[in-house]
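Novice: Residue strings, one per chain:
2 protein chains.
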Amino acid sequence: MATIAVDAMGSDRAPKPEIEGAILAARHHHVHVLLVGKEEVLSQELAHHRQASRLPIEIVHASEAITMEDKAAQALRVKRDSSMRVGLRLVREGRAAGFVTAGNTGAAMATAKIILGTLPGVDRPALAAVFPTAAGTAAILVDVGANVDCKPQNLEQFAVMGEIYFRSIFGTRRPRVGLLSIGEEETKGNELTRESYKLLKQLPLNFIGNVEGRDLYNGHVDVIVCDGFVGNVALKISEGVVELVREALKDSLRATITRQVGFLLSRKAFVEFKKRVDYTEYGGAPLLGLKGVCIVSHGSSNANAIKNAVRVASEFGQHQINAKIEQELSRLPAEITS
Amino acid sequence: MATIAVDAMGSDRAPKPEIEGAILAARHHHVHVLLVGKEEVLSQELAHHRQASRLPIEIVHASEAITMEDKAAQALRVKRDSSMRVGLRLVREGRAAGFVTAGNTGAAMATAKIILGTLPGVDRPALAAVFPTAAGTAAILVDVGANVDCKPQNLEQFAVMGEIYFRSIFGTRRPRVGLLSIGEEETKGNELTRESYKLLKQLPLNFIGNVEGRDLYNGHVDVIVCDGFVGNVALKISEGVVELVREALKDSLRATITRQVGFLLSRKAFVEFKKRVDYTEYGGAPLLGLKGVCIVSHGSSNANAIKNAVRVASEFGQHQINAKIEQELSRLPAEITS
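In order, the protein sequences belong to chains G and W. Going by this note's numbering, the first residue of the first sequence is number 811, and it counts up by one from there. Going by this note's numbering, the first residue of the second sequence is number 811, and it counts up by one from there.
Do not rely on the hints blindly, as some may be mistaken.
No copy is singled out in the list; a pair is fine if it fits within one copy or between any two copies.
[Said to hold, decoys possible] The calculated lysine to any residue pairs, modelled on SDA-like cross-linking and capped at a C-alpha distance of 20 angstroms, are:
hint	residue 1	residue 2
1	Lys1101	His1129
2	Lys998	Ala883
3	Lys1008	Ser978
4	Lys826	Ser873
5	Lys826	Val1052
6	Lys961	Glu1005
7	Lys998	Gly946
8	Lys961	Glu1001
9	Lys961	Ala944
10	Lys998	Met878
11	Lys998	Ala920
12	Lys1008	Gly993
13	Lys889	Lys998
14	Lys889	Pro930
15	Lys1101	Leu886
16	Lys881	Glu995
17	Lys961	Arg1004
18	Lys826	His1030
19	Lys881	His838
20	Lys1008	Asp959
Note that these hints are calculated values from the structure, not bench results.
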């Protein structure tokens, strides 16, 4: 049974979703959960759940919590006993197979990099966002914020790591890997993508060339590689568009009484749609390239999201993704990974 | 009465939308339209519209047409008598106050830059996309594809040009100008945005700092500045998300009979929504920084889109946007505009 550490102080509504998610995970996914946070708060909250005492859930005390407002560097310096740091230390010491946090993403990345370190051959860990496509499949976008100014070698490593992750977690034999650019031809794009293209096409993976923004969600590509600036902008624009469409549709649907009827009738469909594009089903964003397993979930995570993140953290270890990353990166020409 | 040249061979369904759009523009916007393209084809098509003979519409012959598949550089070299080139020459020679094309964007940008040249103080012309926000206002994103690798000075010029354009066309006294980045603080973003921030905050305009992807559509900012790679990715992702949401909602709405009723009732609302976010209402994307007026419309433009683009081209001249751009750029410190 894998042991997964969960940052119980991370999410916007912590520790409730974390505790409920831990209970769900322990019950359904055959995992042992270490809830990391203020012991008093957590044991009080756990006491509300009768079944918890019969499940493999333990509390590991950490006296501090990093907030969403904390700056990453400062959080690291000042909060030496944060739930994030304590949780990641459990991974480093081999007491947990992975760590899950729905807290401050920047702080999680910085802390993980320092506490766990990076795998040989990895210059920079990358955050991979997992999302649904119109084809009903999942896709990942890597990097979505860990690295803003990238070199072609970074994108090459993101491609290798993202492909292994996708292949392992989603069971796709030859995931399609694409480079996010602004035109299909090799010569299209900016300096970074043009140079990266040359490296990616030499990799022993199913590289389908440049893909465009609209391909993120149409299911034509599984692993989309870009620098962290573009990736982060992409994610946030997507949120913005969904919001715009929702608001505009709501207004239109309410404009007349007949349509109001239509709106009421289709409300359930909206709820279902929301569920369908629900990131919580995919269990959060893995930080790829670390000596250890760290899954970052959305700050607004609910219990289901935490449960799925715990499952993903456990699968991450089972599939030996890190060993595969290390192995495949070691096969790249030396000048590329150094 | 302003004279506007219209590329009659540009759009996907040319020359129909161009001719109908020219008729609408000549009738409603007090403009004189020069339809540029193959005379035989155009006069035949015009003959189908009885009222056209009484409107200020003329045909200017051009023997060639650039297709969407043509590469920009090649189109320029090989097709010396293209409707795009002939139309832009009419602007250069002062026979037209502006040019509208729904053709190949890359070719339009390259041809306009060569035929018209850039304004003093402008290193690179920029393409500004105009779109609706959830607040019911318009916003522009500049650059959306003309310049992939930018320097801070380029973004500074985009900000000045975009602000003048927005102010003039939408009548906003102090448009809010934002820099597209991945965090609000000045220190967030990549090297380009951090350096650009320093320049933008010194400009005599209403700079509100960094904005994020989700701000594109929420109406919190009027003029959003970014490099052409990020801008182009942003636009195409937006298209992709709208498509995803539409498909997913359609599926959900059709899932049960009650919802099918809901779907039928709300179909009209969908159509209205589509109209509301319809770029055609905004009249296409202006190319800013040229010695002349050039408006690029979407390849799928209908007559209404062409009509609005002609109106925008005419207003561009009336508001003396180019004179203002030249003037305001000349006030920037010399090392910045050179």
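Novice: Look at each hint and say if it fits the structure.
Specialist: Outcome of the hint check:
{"no.": "1", "hint": "Lys1101 - His1129", "in the structure": "within (15 angstroms within a copy, 60 angstroms between copies)"}
{"no.": "2", "hint": "Lys998 - Ala883", "in the structure": "between (37 angstroms within a copy, 13 angstroms between copies)"}
{"no.": "3", "hint": "Lys1008 - Ser978", "in the structure": "neither (26 angstroms within a copy, 44 angstroms between copies)"}
{"no.": "4", "hint": "Lys826 - Ser873", "in the structure": "within (18 angstroms within a copy, 71 angstroms between copies)"}
{"no.": "5", "hint": "Lys826 - Val1052", "in the structure": "neither (27 angstroms within a copy, 34 angstroms between copies)"}
{"no.": "6", "hint": "Lys961 - Glu1005", "in the structure": "both (9 angstroms within a copy, 19 angstroms between copies)"}
{"no.": "7", "hint": "Lys998 - Gly946", "in the structure": "neither (29 angstroms within a copy, 35 angstroms between copies)"}
{"no.": "8", "hint": "Lys961 - Glu1001", "in the structure": "both (10 angstroms within a copy, 13 angstroms between copies)"}
{"no.": "9", "hint": "Lys961 - Ala944", "in the structure": "neither (31 angstroms within a copy, 36 angstroms between copies)"}
{"no.": "10", "hint": "Lys998 - Met878", "in the structure": "between (38 angstroms within a copy, 15 angstroms between copies)"}
{"no.": "11", "hint": "Lys998 - Ala920", "in the structure": "between (33 angstroms within a copy, 15 angstroms between copies)"}
{"no.": "12", "hint": "Lys1008 - Gly993", "in the structure": "within (15 angstroms within a copy, 31 angstroms between copies)"}
{"no.": "13", "hint": "Lys889 - Lys998", "in the structure": "neither (46 angstroms within a copy, 22 angstroms between copies)"}
{"no.": "14", "hint": "Lys889 - Pro930", "in the structure": "neither (28 angstroms within a copy, 54 angstroms between copies)"}
{"no.": "15", "hint": "Lys1101 - Leu886", "in the structure": "within (19 angstroms within a copy, 53 angstroms between copies)"}
{"no.": "16", "hint": "Lys881 - Glu995", "in the structure": "between (40 angstroms within a copy, 11 angstroms between copies)"}
{"no.": "17", "hint": "Lys961 - Arg1004", "in the structure": "both (11 angstroms within a copy, 18 angstroms between copies)"}
{"no.": "18", "hint": "Lys826 - His1030", "in the structure": "neither (38 angstroms within a copy, 33 angstroms between copies)"}
{"no.": "19", "hint": "Lys881 - His838", "in the structure": "neither (36 angstroms within a copy, 56 angstroms between copies)"}
{"no.": "20", "hint": "Lys1008 - Asp959", "in the structure": "both (19 angstroms within a copy, 18 angstroms between copies)"}
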